[in-house]
Amino acid sequence: MIDQVPDADKPPENDASDSPSETSSTGEPGGDANEVVSESDASESGGQEETSDENPEELGSQEPESADESARRSFLTQVLAGTIGAVVGLVPVLSGLVFFLDPLIRGSEGAGASGEGGGSTKDAEGFIKLPVTRSLLPADGTPQQVTIEDDLVDAWNKFPKVPIGSVWLRRSESGEVIAFNTVCPHLGCAVEFRGAKNDFYCPCHLSAFNLDGTKDNPIPPRDMDSLAVKPDTGEEIWVQYKNFRGGISEKVET
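Residue numbers (our numbering): 22 to 275.
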């Protein structure tokens, strides 16, 4: 038999099953995958480049604040802070001012009030209504001492029905009411009534006065100080109470 010798000029046939593995081992067909990855990376890098390109534009649109605007803003802030501080500081000042002025306001409002709070009744002319009536005075002219009460108002307080002095009241033969201040015009002691002698008498320095108020010895410098009595008041007795300076011959109101 004649052995068949392979043809040296015929190239060997490759196994088709080995082609994919050889291609995979050499990495040549894998170039398509690499190209996909490269395109993905390129798209990502392109997006980053676009983003980086946009940021400078956005930053460029915000213009830097000028020195004048910064100074103006600082000035307005200081003015606002100063105004708020001034308003806050005025609150205690105004509160204190109201506290100190309130008594003066209340005092001026209540100065002309008559009989408020149970006090004495006083009219605009200064006449005070006494707690006695004409019919209670003795018809024979015997003097009756009556305490004068009035409301005292200062800058802070009001004191109702405070005794401020006293008067001697008597009825004349004609029925007229006569009033005298009980303070002696000599040196300011209290004048008393002496029933035994039917006259007024000062025990301090022995000044004496008649029932009509005229002085009865040379010790006092003047007569007793008479007070105005409001006429035409019916049974009511209204007296304009005043005090006068002592030790002088003239009748000078204090």
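Where hints are given, some of them may not hold.
Claimed, not checked - Listed next, the in silico PhoX-like pairs over lysine-lysine satisfying Cα-Cα at most 25 Å (straight line):
#1 Lys-150 - Lys-251
#2 Lys-263 - Lys-182
#3 Lys-179 - Lys-150
#4 Lys-263 - Lys-150
#5 Lys-143 - Lys-263
#6 Lys-143 - Lys-272
#7 Lys-182 - Lys-236
#8 Lys-179 - Lys-236
#9 Lys-182 - Lys-251
#10 Lys-236 - Lys-263
#11 Lys-251 - Lys-143
#12 Lys-272 - Lys-150
#13 Lys-263 - Lys-251
#14 Lys-236 - Lys-218
#15 Lys-150 - Lys-182
#16 Lys-179 - Lys-263
#17 Lys-251 - Lys-272
#18 Lys-179 - Lys-143
Calculated from the structure, these hints are not laboratory results.
* Taking the numbered hints from earlier one at a time, note which ones the structure violates and give those numbers from smallest to largest. => 7, 8
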